[in-house]
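Engineer: Note that the numbering used here numbers the sequence shown so that position 61 is 61, with each residue one more than the last.
Because the hints were derived from the structure by calculation, they are not lab data. Please note that the accuracy of each hint is not assured.
Claimed, not checked - With a straight-line Cα cutoff of 27 Å, these simulated DSSO-like cross-link-like pairs (lysine-lysine) come out:
1. K11 / K61
2. K62 / K11
3. K62 / K5
4. K61 / K5
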Amino acid sequence: MPLIKRYANRKLYNTQSGQYVTLEDVAEFIRRGEDVRVVDHLTGRDLTSLTLMQILFQEEKKLGELLPRAVLTHLIRTGDETLETIRTRLLAAFDPQGMVDDEIRRRVEALVLEEKLAVSEASRLLDLLLDPAHRWESTRFSPERPLNEPQNRAPDLQKLLRQVEQLEQELESLRQNL
Numbered sequence: 001m002p003l004i005k006r007y008a009n010r011k012l013y014n015t016q017s018g019q020y021v022t023l024e025d026v027a028e029f030i031r032r033g034e035d036v037r038v039v040d041h042l043t044g045r046d047l048t049s050l051t052l053m054q055i056l057f058q059e060e061k062k063l064g065e066l067l068p069r070a071v072l073t074h075l076i077r078t079g080d081e082t083l084e085t086i087r088t089r090l091l092a093a094f095d096p097q098g099m100v101d102d103e104i105r106r107r108v109e110a111l112v113l114e115e116k117l118a119v120s121e122a123s124r125l126l127d128l129l130l131d132p133a134h135r136w137e138s139t140r141f142s143p144e145r146p147l148n149e150p151q152n153r154a155p156d157l158q159k160l161l162r163q164v165e166q167l168e169q170e171l172e173s174l175r176q177n178l
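Starting from the given sequences, assemble the full structure and let the hints guide the process.
Structural biologist: Here you go:
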């Protein structure tokens, strides 16, 4: 998987080839079936989705009316709720494992924020539970206040494992419906 670093001047650098690339080059990687990861060169923040949206924007400029104006206007008017619904449906259709991984991340993060799970344990759990193909997208926790280590995390861990089993069953059901 090519790792592309994005610099402040918006230049994209392919760490595998040691060359600067354009958005068109990144689009070509994807057309060839390669997964691409784009990160901010200073912070390491994942910019892949933003970069892919920029590629779609370029396609829109070239081809025109990639999405009808009425659809775009509706998305802006209805805001986050519609966008989240679209995101969830697309993720379920194109990447069911990614949907499961997102749910795992969301639940682990909630446990951390509720101080029921330590950050170190959350990272370890994510490493164990996430699909290796999606692991690099792993959430980095940075709670505003330090976490207190719970004395007994076994019940929380068992609950989390039951939730993961349920998610796996839902994933299998989705796969059978495809």
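Engineer: Starting from K11, check that the Cα of K61 is at most 27 Å away, please.
Structural biologist: 20 Å, holds
Engineer: Decide if the proposed pair is consistent with the structure: K62 and K5, CA atoms, cutoff 27 Å inclusive.
Structural biologist: 25 Å, holds
Engineer: Taking only the CA atoms, is the gap from K61 to K5 under or equal to 27 Å?
Structural biologist: Holds, because 24 Å separates the two Cα atoms, which is no more than 27 Å.
Engineer: Has the given pair, K62 with K11, been kept, meaning a C-alpha gap of at most 27 Å?
Structural biologist: With a Cα-Cα distance of about 21 Å, the restraint between K62 and K11 holds, given a limit of 27 Å.
Violated hints are absent here; each numbered hint is respected by the structure.
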